[in-house]
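Trainee: Here is what each chain is made of, one letter per residue.
2 protein chains.
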Amino acid sequence: MFKKTLLAVSLAATSLISTSAYAIENVDLLIKNATVLTMDQDKTVFDNGLVAVKGNKIYAVTDGKDINEYKAIKTIDADGDIVMPGLINSHTHASMTVFRSMADDVPDRLHRYIFPLEKKLVSRDMVRIGAQLGNVEMLKGGVTTYADMYYFEDEVAKTVDQIGMRAILGETIIQFPVASAKTPEDGIKYTLNFIEQYKDHPRITPAFAPHGPYTNSTETLQTIAKLSLKHDVPVMMHLAESDREREVIAERSGGLSPIKYMESIGALNSNFLAAHVIDANDEDIAILKKHDVGVAHNMSANIKSAKGVAPALKMFNDGLRIGLGTDGPMSGNTLSTIDEFNQVAKVHKLVNKDRAAMPPINVIEMATIGAARALHMEDKIGSLEVGKLADIIVIDTKAPNMIPVYNPYSALVYSAYATNVKHSVVDGKLLMEDRNILTVNEKAVRDEALKFADIVRKTVIESGEIVQ
Amino acid sequence: MFKKTLLAVSLAATSLISTSAYAIENVDLLIKNATVLTMDQDKTVFDNGLVAVKGNKIYAVTDGKDINEYKAIKTIDADGDIVMPGLINSHTHASMTVFRSMADDVPDRLHRYIFPLEKKLVSRDMVRIGAQLGNVEMLKGGVTTYADMYYFEDEVAKTVDQIGMRAILGETIIQFPVASAKTPEDGIKYTLNFIEQYKDHPRITPAFAPHGPYTNSTETLQTIAKLSLKHDVPVMMHLAESDREREVIAERSGGLSPIKYMESIGALNSNFLAAHVIDANDEDIAILKKHDVGVAHNMSANIKSAKGVAPALKMFNDGLRIGLGTDGPMSGNTLSTIDEFNQVAKVHKLVNKDRAAMPPINVIEMATIGAARALHMEDKIGSLEVGKLADIIVIDTKAPNMIPVYNPYSALVYSAYATNVKHSVVDGKLLMEDRNILTVNEKAVRDEALKFADIVRKTVIESGEIVQ
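For the record, the sequence lines run as chains A and B.
Sequential numbering from 1 applies to the first sequence in UniProt numbering.
Sequential numbering from 1 applies to the second sequence in UniProt numbering.
Take the hints with a grain of salt, since some may be wrong.
Claimed, not checked - Here are a few chain B residues that sit away from chain A, every Cβ distance over 12 Å (derived from the structure):
| # | residue |
| --- | --- |
| 1 | Gly64 |
| 2 | Met102 |
| 3 | Asp104 |
| 4 | Arg109 |
| 5 | Ser123 |
| 6 | Glu137 |
| 7 | Glu219 |
| 8 | Asn302 |
| 9 | Met315 |
| 10 | Leu335 |
| 11 | Lys346 |
| 12 | Asp434 |
| 13 | Thr439 |
| 14 | Asp454 |
| 15 | Arg457 |
As the list claims (entries may be wrong) - Derived CB-CB ranges, DEER-like:
| # | chain 1 | residue 1 | chain 2 | residue 2 | range |
| --- | --- | --- | --- | --- | --- |
| 16 | B | Asn48 | A | Leu227 | 51 to 61 Å |
| 17 | A | Lys443 | B | Asp243 | 25 to 35 Å |
| 18 | A | Glu433 | B | Ala444 | 20 to 30 Å |
Bear in mind the hints are in silico, worked out from the structure with no lab data behind them.
Glycine residues also receive a C-beta, built at the ideal position from the N, C-alpha and C atoms.
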């Protein structure tokens, strides 16, 4: 079943020295004896392969026969485990970890609970503490890159910088006063400052994140679209997510769908990432494709809120840029993309009444190179190919739930837990080894989060404001 | 939100000495400083409670204020972690772990792949090796009792006896020749021997397991029903699961539904456990209730096979005996009931278009006391109550995915991984401590399974018989 192709090492590398059969290459990291899922164009799999890393880039991905040609500073023997591109979580609100497990199943939750809760509790501290916990959770779950929308994203940026992950961080802009901005104009200014501060960071991409079309004015959305093109930064937004959104936008636009409305005001382009896209017909999907928009598919959160199942199968088959996201931890409720895998594979089978629909290989595509495409970063991340940034994870295949592996995609999608991730490499640097995070103190992160949870408990639960 | 009630220690205990405020009670195991989810009638929760065990029974469950009244041979400080009844997996085929991740998404899989695969590979060795791995996976995932249907269940019984878990083990009876029996009559004889052998085992309940109504004759089903009443053992069967089943039974019975047919032949009674029950209307559900039948709800497997969503919400609300099951590892594909939690909570919300449907507390009920009811064992297991058998698990609430816990049911259902289970007690005996299984050698179990997987690979995959 699995093609064995030797990648030409020199192929994608302009600045790299190509290897020969006789020279010894000095590399920084070598992962050997691996079941390598490259997620390249041909979905090449090496059963006993290797991945070599030099600096922050992938230097070689091979069938392992050339193992003696590399001399590495650090070698990891995968012992048959799965080695694959780091997972990309294309939509989240990491800082909301500190609110997780609160009032999960109440109707109209966003407007009745979450917005008031945030008004009371969002602060620089909350954002930092929540993001730290979210980062730890994601890194331990195999996420190496995430796309975040929240407030005080410069605080999130500091935590991402510290732990060593990769992120696209979008400052939320919304029509009512929030902790980081009194008005949408203030929010735009805040974002421009943030962009200025982080535009040259090697792992962090600053972005605009208007909350949604119905929670921002047409003028705000148009201003953001223009500024995003001027500064060449992404725009991330919740789109086609809810009935309320459809109603508000239909009233505003004379009956347009949210996606048609966004097109009509000139706010869709190839810098755009739309989260959710549940409420989209074939015409809407064609519009997203036409404007090269990326889509974040958040199955777990969408079905938990009973909003429905996004037409992700069609979007995937139509060749849209689509990746998996977890949504925030008040929605999903976990942040590791692995937790989405089996739900994505199974629920599309259920709603399409077809057990062959959405096979595991497509789910893994949406978690890696598909999500990279959604973020318009497929030239840099999302697959194990020579010259790409070295974001790599190793999955333990000896945990009881993972035995045996007749098909690695099936094993990952139907059996793997986030806790089966063993090692994580981001930008060429080993950030987690044998499930120990090497860059931040996990216990300190946890203790700070638990302390903040006590404040939350006193402020909104014991006061009776949030009824569980 | 959480009631704090001191359970009267002497209440359910006839043979137990009741405690007084001043005496010191010697107990075998004490779990203290716990968030105790009792799953009793009132769903009592103790925020800082304790559970005391004497012999194989629960001796006390309290709010912890009486902590100084117990002297224990072994004390576990839960440090705020969740302590709850051991999970009950009400439907599985544990031995099939050795086939996991094979040909997952092919149409008509049972008849085209699984039956031929089993014909070739089922043996006493296969059953033992697969069950050993399944046991380890389940115990590590918090399952303390499971209901199994397969061949050579006496081999499964030996593994259950060894690891120390609790199980209801049903020998499969089917109309074509299988490894353990040439005919259904042979299968019945095999089961009677098995019953004789295990009828007095403290943790193992032998049972009949006719495969399904459409894969057995009316006569076989009637014989089994009579024998099960005579020997007072359970009957477990796949029921109302597939279109093929409906067609075959309709033809056989002049248009009856599978459930109506089973009633018409006198094969439903309070010894019966029906697995799946997807294809059931209100009338069918009423029949199951009338005959006091238990139901195993296997969400994950049912949606993966695109068979549909069982009307579990209605069955639960109508007061049927209903619990969660995982189905076998070629279906689900994991065996830990925790993996079902979020799918059960979310998919019922989705199909009922109601985010308040199937709240976490009901999911936890179906995983514990509900599943005990489905197995007609609610007087013995399923809740932490004085006098019940001591099957107890401790869930780590300090893993990053579990922080914070504002609502323990929500945290369990929407956030917990099987790997968050820390300790497991079955029949009063500590079987897993800090995720180390104390009764079997996990590595040896794994190695034997991997070795058998190589045989599977050579026999059916490399020969091209199974196309992935």
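Trainee: Hints first: check each against the structure and report whether it holds.
Mentor: Now for the hints, and whether the structure bears them out:
Distance check on glycine 64 of chain B: its Cβ is at least 19 Å (rounded) from any Cβ of chain A, clearing the 12 Å threshold; non-interface status holds. Not every Cβ of chain A is farther than 12 Å from the Cβ of methionine 102 of chain B; the closest lies at roughly 5 Å, contradicting the non-interface assignment. The beta carbon of aspartate 104 of chain B sits about 5 Å from the closest Cβ of chain A, which is not more than 12 Å, so the claim that it is off the interface is violated. The Cβ of arginine 109 of chain B sits about 7 Å from the closest Cβ of chain A, inside the 12 Å cut-off, so the non-interface label is violated.
In this structure serine 123 of chain B is separated from chain A by more than 12 Å, as the shortest Cβ-Cβ distance comes to about 17 Å. For glutamate 137 of chain B, the requirement that its beta carbon stay farther than 12 Å from each beta carbon of chain A is not met, with the minimum near 4 Å. The non-interface label for glutamate 219 of chain B is consistent with chain A: the shortest C-beta to C-beta separation is roughly 33 Å, beyond 12 Å. Once the 12 Å rule is applied to beta carbons, asparagine 302 of chain B is inconsistent with being away from chain A; the minimum gap is 8 Å.
The non-interface label for methionine 315 of chain B is consistent with chain A: the shortest C-beta to C-beta separation is roughly 19 Å, beyond 12 Å. Distance to chain A contradicts leucine 335 of chain B as a non-interface residue, since its nearest Cβ pair spans about 8 Å, not more than 12 Å. Remark: the non-interface label on lysine 346 of chain B conflicts with the geometry, its nearest Cβ contact in chain A lying 4 Å away (cut-off 12 Å). With a least beta-carbon separation of about 15 Å from chain A, aspartate 434 of chain B lies farther than 12 Å from that chain, consistent with its non-interface assignment.
Chain A leaves threonine 439 of chain B outside its interface by the beta-carbon criterion, the shortest separation being 15 Å against a cut-off of 12 Å. Distance check for aspartate 454 of chain B against chain A: the nearest CB is about 9 Å away, which does not clear 12 Å, and the non-interface claim fails. Non-interface status of arginine 457 of chain B relative to chain A is broken: a Cβ of that chain comes within 12 Å, the nearest being about 7 Å off. Taking 51 to 61 Å as the suggested C-beta distance range, the pair asparagine 48 of chain B and leucine 227 of chain A conforms, at roughly 53 Å.
For the pair lysine 443 of chain A and aspartate 243 of chain B, the supplied restraint of 25 to 35 Å is violated, since their beta-carbon distance comes to about 53 Å. The supplied range of 20 to 30 Å is met by glutamate 433 of chain A and alanine 444 of chain B, whose beta-carbon atoms lie about 27 Å from each other.
Going through the hint list in order, the structure does not satisfy hints 2, 3, 4, 6, 8, 10, 11, 14, 15, 17.
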